[in-house]
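Participant: Spelled out from the first residue to the last, the chains are:
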Amino acid sequence: MSSDFKPNIVGFLCNWCSYAGADLAGSSKMEVKPYLSVIRVMCSSRINSNLVLTALLWGADGVLIAGCHPGDCHYEQGNYYARRRFALLKKIMETLKLEPDRLQLSWVSASEGKRYAEVVNKFSDEITKMGPNPIHKNPKI
Amino acid sequence: MNGNIGVYVCECGPNIGEKIDIDKVLEAIASLPHVKVAKRFGLLCSNDGKKYLEDEMRKEELTHVVIAACSPRDHEQTFMTVAERAGLNPYLVQLVNIREQCAWMIPDKEAATEKAIKYIRAGISRVSLHQALTKKELEVCTDVLVIGGGISGIETALSLAGEDRKVFIVEKSEELGGKANKLSRLLPHQGSTLSLIQEKIDTLNKNAHIEVFTGSQVVDARGFLGNFEVVIQKGENAGEQEIKVGAVVVATGFDLFNPEENPAYGLGKVDNVVTSLQLEEMIKTEKVLLKNGKPPRSLALIHCVGRSEKGYCSKTCCLNILKNAHFLKDKIKDVDVTEIYRDLCLPNKADQDYYEEVEKKGVKFLRSNEIVNIKAEGGQISVEYKIDGKSKKISVDMAVLSPAMIPSADSKKIAEMLNLPLDPTGFIKEAHGMLEPIATPIEGVFAAGCSLGPKNIPESIIQAQATAGNIISSLIPGKKIKPEVKVSVVREEFCTGCQTCLSVCFYGAISFDPHKGVSVVNEAICRGCGSCVGSCPSGAIRSKHFTYTQLYREVLEALR
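If you read the sequences in order, they're chains A and B.
Note that our numbering gives residue 104 to position 117 of the first sequence, counting from 1, and the numbers run on in steps of one.
Numbers given in our numbering equal positions in the second sequence, counted from 1, plus 351.
If you are wondering where the hints come from, they were derived from the structure by calculation, not from laboratory data.
Ideal Cβ positions, reconstructed from N, Cα and C, are used throughout, including at glycine.
Some hints here could point you the wrong way.
[To be verified] Which bits of chain B does chain A cover? Going by a derived footprint, with three or more residues having C-beta under 8 Å, they are:
#1 457 to 463
#2 466 to 476
#3 819 to 826
#4 883 to 889
#5 901 to 911
So here's chain A without its partners, still in its complex pose (with noise of 0.2 Å):
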């Protein structure tokens, strides 16, 4: 792992509570490392298991699932979907060999721009640690 290592990470927000999260922390100055992309969907359900898969087979570093805490999703059950999948994501990283840390998920709510920002510098950081995602060097896995 080279020290000057910039990550991909590919961040999912669901629009109502993730997404307005990511927004308070920029409007609220805080610093947030740049290694995450945002792509927003309506809600962390939308996200099916193929996208995730494919941005790691496409060598993102990480990938971060963020939706509205347990109890408070804007479509009242979406973000339990996404759990059960995130979990099962997480098998088939592993027999696919893709280092299953190298996902997250993460209940990040419109108010917690805080929580927002320690989420992705925390997950940024972490993914420096572990180095690029070996599919670079080994693009047959």
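Model the placement of chain B on the given structure of chain A, informed by the hints.
Facilitator: Structure of chain B alone, referenced to chain A:
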């Protein structure tokens, strides 16, 4: 694609202009495929900015537009409106957030500029796949179904019915008025007589725009805001009637916790142990008497019956018990009245004064954590209770139990029929406990009064009127509604008919077509969350405006 994409970067005054090197951004994107123009502007959301954008869209004959500015939560609608004015479908515009999630959170200008380029590239890549979406207009029925003829249902109907709006009230019992009509009287500060409620019932019966079905039940209701089809089972043998309405109000009220569930309360086993509703009946007929026909010399009025069992405070019983204690003290000479309570709930402005007035009359108040046992002893009733770990006992002639309010027996069935969630207490769950206290998660279905949880009469009336207001403003005679367009669609050729989508759709928007063997989305009900898209194992469901390829393009740009 064939087309001309216009990219406009907003300086947002110094907000973006000073944090991001916009010229560098423009240089990086100007030569991307299909980008016809890439320009900067001071403040695009200003009147000058909007005019500029509109002129640009026309002049450059743009087919797609990317605006790099603030969060879509801020100005997406603003720029969609501009596009519409310029004759461009508003869904062919993509607002890229380079302010909140870029300029404002990345202090290093170079890094922020790099990030902005990445986001704008993703926006360009995505927008080229956007399809024009058109809002459909649907006619609405402005009539309303109210389930439940208690005080909430009555008030809702009275507030709604008029020349251009008919209201159907369906009440399962034979008469209107609900539990409020079973009370002996109201609290003094609520108006002392029950005739106020009877007056409402009389007004309702005279209203030509309200149709009342008593002894009836709603057996089926399906549809969406503006268009519900409802089947009413009239009486025992009176057959069914189908009606069409635009909104449904669930005002199914409450039932009372049955104290017989806990033998410690002695109800049904011990003579002269009665419930508060039985006492109300005795007060109504002015015959507060023991089983032996004599008036009681002492009574224990027991609060919080079911408070521990149910886990919540019913918040209306305290005042009702105070009212009854007041009456007993006035009507029975030298009677001894003791209230045994766990929590004393006096939340409204007139309550404290009333409590003090009752206390002055000589009513005693004992705090207890638990009723241990109520049994017959020496010709009287012994009430054993616990306070701070110690057991205590009083003896009285009569014990009156005030049971907790619980969801009405039918509410579960009705919730299932309408797809409404219940909260852990079993009452209907509000769309949002704080911000949308009378809406349910299902558009067009509202709830009022005790169907949502324990409430007193004034609170129920407030909710009924609020519900009516909400319906009046969403179902306007002659005005069409425009449902969400970013909805899900099933591509029949890929659908295997597994029906996973039916089980994840919270709104009941998906049905199964048994002839074709495929799922079908009702676009008027779909809210566009994409749960079905995420869970479809064959990728047969497409989320308009959040398609797989659109998101995939964004992923690719993120990894570039």
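Participant: Against each hint, give a clear statement of whether it holds in the structure.
Facilitator: Results for each hint:
Under the rule that three or more residues need a Cβ within less than 8 Å of chain A, the assignment of the stretch 457 to 463 of chain B holds, with 5 such residues. For a cut-off of 8 Å, the count of residues in the stretch 466 to 476 of chain B with a CB near a CB of chain A stands at 4, and the three-residue condition holds. With 0 residues having a beta carbon nearer than 8 Å to a beta carbon of chain A, the stretch 819 to 826 of chain B misses the requirement of three or more and the stated coverage is violated. Residue count for the stretch 883 to 889 of chain B with a Cβ under 8 Å from a Cβ of chain A: 4. That meets the three needed, and the coverage hint holds.
Note: the stretch 901 to 911 of chain B has 8 residues with beta-carbon separation from chain A under 8 Å; the three-residue rule is met and the coverage holds.
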